[in-house]
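> Residue strings, one per chain:
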Amino acid sequence: MARLKLLRFSLTALKGLNKQKAISFINLIIFVSFFALTASVVSMYYENKIDQIDNQIVNEEINILIYENQIQTTPIVLKNIEDIFNDNYKLDDYLKFLEIWNDLDSSIAPLRNTVYKPYFGYEAAANYGLEQMKQSISDAILVANNLKDIEEIELYNVEFIKIDEEIRNILRSEQIIRNKWQLKEREEFSNKNTGHGEDKEEYYKKYSPLNNRLIQVLQDQINFFINFNIRYFSRKKIETEKIINNLEIDLKKFSNQESITILTAFILQLIIFISVQYFEVTMETANAKRTKKK
Amino acid sequence: MRREQKKSNKLIIIVVLAGFSTLLSFFFDQRVIQTEDKIRELEVQLNNQRVNISNLKATINSTTELSYNIIKSIKYYKDRIDLFYQYNQILNFQVYGLEEERTEFFKKIDRNKLLELKSDYKKNAQNILKSYDYKIDEIDILNQQILINKFVKEILNNNEGFDIMKSDFDNFKAKDKLKNFPFNKYLSYKELFEMSEEEFQNQDDYIIYSKIRDPMNEIDDIEGEYWDLLQRLKVKYNNYYSFFGEKLEHYGSQKNKNNLFILFSIFFQILSLTILLFLFKEMVNQKK
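If you read the protein sequences in the order shown, they are chains A and B.
Counting with this note's numbering, you get residues 1 to 294 for the letters of the first sequence.
Counting with this note's numbering, you get residues 1001 to 1288 for the letters of the second sequence.
If you're looking for bench data, these hints aren't it; they were derived computationally from the structure.
A portion of the hints provided could be inaccurate.
What the hints assert, rightly or not - Computed beta-carbon distance windows for the label pairs:
#1 A:Asn223 / B:Ser1131: 20 to 28 Å
#2 A:Glu241 / B:Val1015: 56 to 64 Å
#3 B:Leu1017 / A:Asn27: 14 to 22 Å
#4 B:Leu1017 / A:Val41: 33 to 41 Å
#5 B:Val1015 / A:Phe31: 17 to 25 Å
#6 A:Asn223 / B:Ile1033: 52 to 60 Å
#7 B:Lys1166 / A:Ser173: 31 to 39 Å
#8 B:Gln1201 / A:Ile76: 36 to 44 Å
#9 B:Leu1023 / A:Leu263: 25 to 33 Å
#10 B:Gln1201 / A:Ser173: 26 to 34 Å
#11 B:Asp1228 / A:Ile230: 28 to 36 Å
#12 A:Asn246 / B:Ile1033: 32 to 40 Å
Just so it is clear, the structure is predicted and the values come from calculations on it, not from any experiment.
Glycine included, each C-beta is placed from N, C-alpha and C at the ideal position.
Okay, chain A solo, but in the shape it has when bound:
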């Protein structure tokens, strides 16, 4: 039924339409088709833009993963380092009190407990802090995207190298002290020399300057985490959130423009399609008539 109506419409139209008018109409549709072509190219341009922005957002979101991880772990690292100070200082107060008796009996609060043992706690904390610093610098480099970032990283990398070297020096010194003592102890045991109790206190005493150096290292590490880690990654997070926000605004703008362009292209294409169909039906009917006449 619909096809019959279209046939009737096309035939009527063809009768009423002269050749010049038909050509003008076709020219108009050809002109429109160029707009349709342009609209499709423009919509693809927008689509490309949208894809680029989408990828940028995904990339920035991955960076946020790193910032958040650093921002979350830094307070834990700081707490772990501070715990070492707090635990040792708390115990130190009691031991110092008992140390007064050491003049009468050095076994009450021996240097082994006040100096030697705490060294290993400080050393473990310093190594742990160093590992975390290494990870921070590596993460900072991964997410750095401008000169300002690089300059800041470079500045704190100097600090990191300084701390790293200091820890290595301390470990080397400790190794020397320990090796010397072990040699001496071996000699004394083989000679059945029983007077090494005082020497051992001397040996423990040698750890005291190392402890002070490690405490300084731990304080430097705390400074690094506060001044670099927290500040750098928080700043980067704020910057990235701003970038994502701007990208999302652009994305919204481009997707609006794209949908308008696509709609225009579709309407134009529909007009062209209807026109082509109209001519096709008209021509086919004319041909059919001619065949019938023959």
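Dock chain B against chain A, hints included.
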């Protein structure tokens, strides 16, 4: 007659052009479908990579924390058991020793009070070792969590070592080793100083102390294995992160290609319609 021929040639060329343009439109349609497949595959890969980055980050964090946790707590238990061993000996001198062996600090303290202190130390030592065993259980569970991670599994399968991580943590426990400890054993200074290193190490209290203390030193060495594991995990993490950007770029270029194919498909579709319009125009022109 010749004119008719010319006209029909023109029509044929237009029809061929329209057909060619339609064919190109179909061709680009097909290309779109194929690229869509690739894009889907890349999307899956990108998602996997994102999950892998998070997974690696979490594993690095948990390994670092566990490693430090082990050093810190094992150091604590070592210190406590050393103190017990040392102070128990000191108190034995004060309680059972000769007058000249006793120190000024303890001389004025009532013997019963010292015995009470000794019993407190004993109780504390037993409790410390009980809590040490619980700590070993905790470390075991956390270590197992790290071991089942796919990246850790891969590293452990491809590399030698990591013996402590793979070992049975039950061996590190103190269990009831303290049960037979001679809490009241007393050796005079003379006996002690005349003893050789070997004789000293063969004393039953030292043997039990060593049996408890040595596994603590052994499990402490796990730190080295974790450090090694961490370095390898960090390399993987940095690689995944760097390649994520690269993969994202590839994904972007595939999407651009896909958009280009869609554009060409639509373009040739509209072009074929436009050529058909030219055809109709030509046909209307030819109509007398």
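> Next step is simple, just say for each hint if it's right about the structure.
Going down the list of hints, with the structure as the test:
| no. | hint | in the structure |
| --- | --- | --- |
| 1 | A:Asn223 / B:Ser1131: 20 to 28 Å | 35 Å, violated |
| 2 | A:Glu241 / B:Val1015: 56 to 64 Å | 58 Å, holds |
| 3 | B:Leu1017 / A:Asn27: 14 to 22 Å | 18 Å, holds |
| 4 | B:Leu1017 / A:Val41: 33 to 41 Å | 20 Å, violated |
| 5 | B:Val1015 / A:Phe31: 17 to 25 Å | 22 Å, holds |
| 6 | A:Asn223 / B:Ile1033: 52 to 60 Å | 59 Å, holds |
| 7 | B:Lys1166 / A:Ser173: 31 to 39 Å | 35 Å, holds |
| 8 | B:Gln1201 / A:Ile76: 36 to 44 Å | 42 Å, holds |
| 9 | B:Leu1023 / A:Leu263: 25 to 33 Å | 28 Å, holds |
| 10 | B:Gln1201 / A:Ser173: 26 to 34 Å | 30 Å, holds |
| 11 | B:Asp1228 / A:Ile230: 28 to 36 Å | 29 Å, holds |
| 12 | A:Asn246 / B:Ile1033: 32 to 40 Å | 35 Å, holds |
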